[in-house]
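Chemist: Put the two chains together into one complex, using the hints given.
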Amino acid sequence: MPVINVDDLTDKDKAVMEVEQLRKEVKLERALVSKCCEEIQEYILAGADDDTLVKGISEEKNPFKEKGGCVIS
Amino acid sequence: MCDQTFLAINFGPCEKCGKTKPLMNIYIKTDPINYCSLCVEMMANEGLRDNETLSSLKNESETLKSKLEEERAKLHDVELHQVADRVDALGQFVMKTRRTLKGHGNKVLCMDWCKDKRRLVSSSQDGKVIVWDAFTTNKEHAVTMPCTWVMACAYAPSGCAIACGGLDNKCSVYPLTFDKNENMAAKKKSVAMHTNYLSACSFTNSDMQILTASGDGTCALWDVESGQLLQSFHGHAADVLCLDLAPSETGNTFVSGGCDKKAMVWDLRSGQCIQSFETHDSDINSVRYYPSGDAFASASDDATVSTSICFPILTLLLFMCSPYTVGRLLFTGYNDYTINVWDVLKGTRVSILFGHENRVSTLRVSPDGTAFCSGSWDHTLRVRGFLMYVNIGLLRGIPVSYRGTKSDLIWALLVQFQMIVILVSGSILEVQSIYFL
Chain Z
1 MPVINVDDLT DKDKAVMEVE QLRKEVKLER ALVSKCCEEI QEYILAGADD
51 DTLVKGISEE KNPFKEKGGC VIS
Chain H
1 MCDQTFLAIN FGPCEKCGKT KPLMNIYIKT DPINYCSLCV EMMANEGLRD
51 NETLSSLKNE SETLKSKLEE ERAKLHDVEL HQVADRVDAL GQFVMKTRRT
101 LKGHGNKVLC MDWCKDKRRL VSSSQDGKVI VWDAFTTNKE HAVTMPCTWV
151 MACAYAPSGC AIACGGLDNK CSVYPLTFDK NENMAAKKKS VAMHTNYLSA
201 CSFTNSDMQI LTASGDGTCA LWDVESGQLL QSFHGHAADV LCLDLAPSET
251 GNTFVSGGCD KKAMVWDLRS GQCIQSFETH DSDINSVRYY PSGDAFASAS
301 DDATVSTSIC FPILTLLLFM CSPYTVGRLL FTGYNDYTIN VWDVLKGTRV
351 SILFGHENRV STLRVSPDGT AFCSGSWDHT LRVRGFLMYV NIGLLRGIPV
401 SYRGTKSDLI WALLVQFQMI VILVSGSILE VQSIYFL
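Protein sequences, first through last, are from chains Z and H.
The numbers in the UniProt record's numbering rise by one with no breaks, and the one at position 6 of the first sequence is 6.
The numbers in the UniProt record's numbering rise by one with no breaks, and the one at position 426 of the second sequence is 426.
This list has only true hints and no planted wrong ones.
Straight-line C-alpha distance at most 27 Å; calculated DSSO-like pairs for lysine-lysine:
| id | chain 1 | residue 1 | chain 2 | residue 2 |
| --- | --- | --- | --- | --- |
| 1 | H | K67 | Z | K35 |
| 2 | H | K117 | H | K139 |
| 3 | H | K16 | Z | K12 |
| 4 | Z | K14 | H | K65 |
Pair by pair, the computed Cβ-Cβ distance ranges are:
| id | chain 1 | residue 1 | chain 2 | residue 2 | range |
| --- | --- | --- | --- | --- | --- |
| 5 | H | E225 | Z | K24 | 32 to 42 Å |
| 6 | Z | N5 | H | N59 | 26 to 36 Å |
| 7 | H | Q272 | Z | N5 | 19 to 29 Å |
None of these hints come from the bench; they were simulated from the model.
As the structure is a prediction and not an experimental result, all values here were calculated from the model.
By construction, the Cβ of each residue, glycine as well, lies at the ideal position given by its N, Cα and C atoms.
Just chain H, same shape as in the assembly (with noise of 0.2 Å):
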């Protein structure tokens, strides 16, 4: 009897239940708790019970999933380019950069048109935004950010105010001045509060409303004046890299994509995600509706960009920063530092765009189509437009990939194409490489 050992036990009122009994030493994460036994099964038992739901709730996604696509395919009985394909190709392409703007001093990483089809935001990784005429280069703003890496800025559509935002959490929109004795820092209003980095920007039909992409996962609609915020969008299981409103005239639908490979429609209003898109492998860089407002495109790291027309898919390919189209012509930027513009109708590509000496961050075309500009981790933007439409019937099946300093460019050319030299008569110098197909 001397020799027999006893457990020491707590003898207390259990945490749980209050009951005074012998006492469990459990320790949940380094906190140590005081449960009685009979709560200390309940709580054991819970546990079992959430891990069901969760891998229930996950059978039931991927059901759920492989019935939507099954539905999908049987809808998808033609690809856009076999309709597409009594229609003529499109001639040769050939755009030269018109501007070079210089003075970011480092990484551009966004960009936005004025409506006045002239003036631009741009915004860097230096904590810098500036608009910039496009016209005459000159830069009309600057502002400096409280913080660096400036992801996301929008001009206006008034023209009189510029957004931005970036590893602050927050959106600000400064008033545009003219004045040179007012300090455009002085003026500026937060707009809107998130919990991580403001990815994307863009204001809605009016300078009232502004609608915000986050890494938090959400998207949100705020009142400009009041800072208040009137809707928010949650659905992305992930950072929400961009954002796209539809146009006007078509509804009240944007687009976001994020790094959960997925591109979800949304309806402004209601905050209700219409439908979700799950097509990419990888992260959604940049979505942008159609003209039409019945289709958007989504580019990704995965190295596609994929044209969602309603619920069918195409798939073009190659390695993507940021797409932009205008009906016919589908802009792509890389991170190989080229541009390629695809012809949307007959899934080909119609040209490269060469100059940028690092990678392609943002991309947009002016309101008017006259022309557009790429922005780069060069820390330079280009305008480019074009130079003329030429018809190189005559050239065809003379292969001509080129890409090298401007000297050789302008040698090439005289060289080989002496007929190219007389139509364009312009400053060969700023000739980009032109491919014929």
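Next comes chain Z alone, as it looks inside the complex (with noise of 0.2 Å):
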């Protein structure tokens, strides 16, 4: 059972909880914005040739394309 239920904690107890998860956050390191966007956009650009809701697939391969009706001959 989870420790805690958070409508019982007093608004003091959230206080020193955020307090505390703030000062451990203002000595993290942190990396230019710059940077971050070109690494997502190369990831992004990388897998677009696998990515088949960008590409789309052909019907042949697609699971989902509606089977066609049966023939009786």
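Modeler: What follows is the structure, encoded as structure tokens:
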């Protein structure tokens, strides 16, 4: 059973939690946005060929295509 | 001397210090307490000290937050769409509803795909959890939960079990069996116990562990076999509404979003919150990791989606329910019954998908990306896949935005877009409105 229910915590406890968390975060190392954006862009473009939702898929390979009707001969 | 009035005082042992002294008649929230005047003074001072601490904590929190914002702003030197300026825009995006899964008696609240890319599990307000075969639209399994509002469901990585939960405050795992004689409900295993409703659940890399998020403000990691709590994650100040695990190759973290407007990134092993983001103005309904593992998107009731790439933030506009990202594209579902498709690099909307008759509550892309499924409060699920990747170079510039009944759509298409009709050659009845940019 998880130890706490957030409704039971007092405002003070919640504030303590928040301040502790913020103190930890201020000390973190950060990277420039431009660098991060470059990395994301490279990642997306590299995967673009495999991305079916962007590229599309031929009807033969599409597992969700409608099945043809039956032909009785 | 005879008409002097005397104050009647209780004389007895003080409840706090034990000395026999005149006691003060004081009530704390209708409970009478008998303290001597010295103890009453001390108690009043203590209360003061508590209040002081609360406001000083709040002050400290504000200064830390503004410091964090400063740090973040220093690094925020460019926007993603500026960096992606030279990337070609996506061409016309055509998606068609391939399957409509009908069978739920009430709003569909959650769904998840199986790793075999074919099956999916969905849960609804009427308490039913159904496993579908998306190719054939057959219902393979159905379970009735003892509670309504089954808000969370997940497929195990092996495909052999499902987990679900909601207002019963628990997460239960049901092994899937094809034996007709066996009652699925009989084999149910209650794994997670929370003190409030279950809002989201997800298996980790194996069938053995499950991660849950709950209205009691905590997330927790459980061992399925023994039902034991392995790790709990405290940090949200209100209900946690959603969670998403990082792609397995990139590490042991997960992100959670809650009603306290925060999105928090956690370390699975230590239970520590690594980072928290407070950029929304309202409840965060859904969070999703990027496939690359170093960014995530969060969607909120305040009508925006934020993608947090390490620290900087992109905001895309409009009201939201749940996003999903597949590299370039971001799918978002809304209260106004539509699904928007966004180009992440450019920050522009690529397409709007219609079809649902009520709010879109959940969206997932299939594991291999050939389709995606959306569940809605209109009691159905729609599986959409590619019709064809149409190059509409010839047709660019013709504005179309149509949203009508099925027969109108055909008419419009046949009359105005003969080119499209020929290329498509599929069932035109199913084609959703096409947005030309």
